[in-house]
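K.L.:
Note that the protein sequences, when read in sequence, are chains D and R.
So the number in the numbering used here is just where the residue sits in the first sequence, counting from 1, plus 6.
So the number in the numbering used here is just where the residue sits in the second sequence, counting from 1, plus 27.
Incorrect hints may appear among the rest.
[As the list claims (entries may be wrong)] With a straight-line cut-off of 30 Å between C-alpha atoms, the simulated DSSO-like cross-links for lysine-lysine are:
(1) Lys-81(R) to Lys-94(D)
(2) Lys-97(R) to Lys-90(D)
(3) Lys-135(R) to Lys-182(D)
(4) Lys-134(D) to Lys-145(D)
(5) Lys-38(D) to Lys-97(R)
(6) Lys-55(R) to Lys-34(R)
(7) Lys-38(D) to Lys-55(R)
(8) Lys-61(D) to Lys-122(D)
(9) Lys-198(R) to Lys-182(D)
Treat the hints as calculated values from the structure; they're not laboratory data.
All of these numbers come straight from a predicted model, not from anything done at the bench.
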Amino acid sequence: MAFLENLINGISLGSIYAVIALGYTLVYGIAKMLNFAHGDVIMVGGYVVFNAIVKANLNPWVSVALAVVACTVLGITIEKVAYKPLRKASSLSVLITAIGVSYFLQNMALLVFGEKPVTFTSVIDIPKISLFDGKVVIKGETTAAIIASILIVIGLSLFVNHTQKGRAMLAVSEDKDAAQLMGINVNSTISLTFAIGSGLAAIAGVLLCSSYPILSNTTGAMPGIKAFVAAVLGGIGSIPGAMIGGITIGVIEILGRAYISPQLADAIVFAVLILVLMVKPTGILGKKINEKV
Amino acid sequence: MALLEVKKLGISFGGLRAVDEFSIKIEKGELYGLIGPNGAGKTTIFNLLTGVYKPTDGSIILDGEDITGKSTIQINHAGIARTFQNIRLFHNLSVIDNVKVGLHNHYKYSAGTGVFRLPKFFRTEKEMNKKALELLRVFDLEGEAYLPASGLPYGKQRKLEIARALATQPKLLLLDEPAAGMNPNETAELMNTIRFVRDNFDMTVLLIEHDMSLVSGICERLSVLNFGQLLCQGETSEVLSNPEVITAYLGE
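Isolated chain D (complex conformation) (with noise of 0.2 Å):
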């Protein structure tokens, strides 16, 4: 019993996983960078939630979508800012870029936010499920992660491959120059894929505070980083493929926490992304990609 509700755990921090992925396949897959600063734009949602209610006392509803709006015009801002002008680029300079925006946030926080951890209150109202005559438990934040996550990728699935402004987003994709050619804006588009990615961010943020509620400037930098391992295992650039190592790290990371270390547990996750990367670089769902010689 206790394994099951371990593996639903499992499965509630692997969906706030993927949610996280989802932001950085979506950059990867249009803009071809990796935005390093993305977990902090989780924090930053979480900060915006926290102090709508605690301090504003407004409505969670409210709080929710202040968050999303924060998250989606700093997303915005960050691209227009800091990784525009490096369109041209190398990888290298937008990566060392990206790590540099992380930094910034996570200290722009500090400043403005505090340096003392805060207690994140729960904004999720979902009842406990109790399964067995109460054996098994499942909170209502694990339930609300896993539902979220669902809905968030089959309406971003849907949303990319079957509206026009996600045509335009796959066809920035393959070929920015033939699709600006063909009338496309390739600035409005990345940046509608920031604010995307941004917005989700806001979700994720308050879903990982309301399970895990110690609130900091760096409580997105982990998750972060873990939610990349898990965009590489699923195939970066995917969105199922977001969802499926997503999940795969939340589990393994629960597990292993559960019944092999709760020391080992992070080490084992980046093992993990050790051995994708060994044995299939392109992760599970990833293109293999045919160099021309």
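Since the structure of chain D is provided, determine the placement of chain R on it from the hints.
P.N.:
Just chain R now, with coordinates in the frame of chain D:
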């Protein structure tokens, strides 16, 4: 008034003068050819016309509108569409989605409408599908509409590129070596397609080509480029019998 009027167009890359004092006038409905040896600057001129490169001097007037130095998107909106020498389709998208990408600017709905699947979303997508299928039918690609573009044979990929360019509803269509890599049968078919497009879409076509059977078969007028400069210009038959042109192509 000419549909396209280019005056003294020039571009330098550092010390290299890639195109110098290039002028051309293309009337509406014309099939116009741009020829010249490799490296003469033909594709550079296409890149100048579509805004990929910004000209260092000269002007480009399309249908009375000055488009010199405008961005690729603005120029596409103004009415110039192109295909590429090396096919640049969106290979992972389906055939019909490639065309729908081209329709992008003529059917609009907001991202929100797409997310929430409002009635306008279904209406617009339906119209787009209809329009895209119509275009594919013209090019005999209707049966392959839902296959990935990468699965099409070479000749059909060329056709799809033309269909995608037409979907942007241009006034002027630029074809960069449309017959490259085609066998004589495919080339003959391509000539029919190009004529069909001109007649049925009221299109003006400017094409770059090395295949002289295609050039002499369908182009009404020609400009010959050599080392970035205009060598001669005029009716196809006159140009092709010009000794200077023959020298440029075949050497002394």
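K.L.:
Evaluate each hint against the coordinates.
P.N.:
Results of checking the hints against the structure:
no.	hint	result
1	Lys-81(R) to Lys-94(D)	holds (17 Å)
2	Lys-97(R) to Lys-90(D)	holds (20 Å)
3	Lys-135(R) to Lys-182(D)	holds (20 Å)
4	Lys-134(D) to Lys-145(D)	holds (5 Å)
5	Lys-38(D) to Lys-97(R)	holds (26 Å)
6	Lys-55(R) to Lys-34(R)	holds (17 Å)
7	Lys-38(D) to Lys-55(R)	violated (41 Å)
8	Lys-61(D) to Lys-122(D)	holds (16 Å)
9	Lys-198(R) to Lys-182(D)	holds (23 Å)
The structure shown violates just one earlier hint, number 7.
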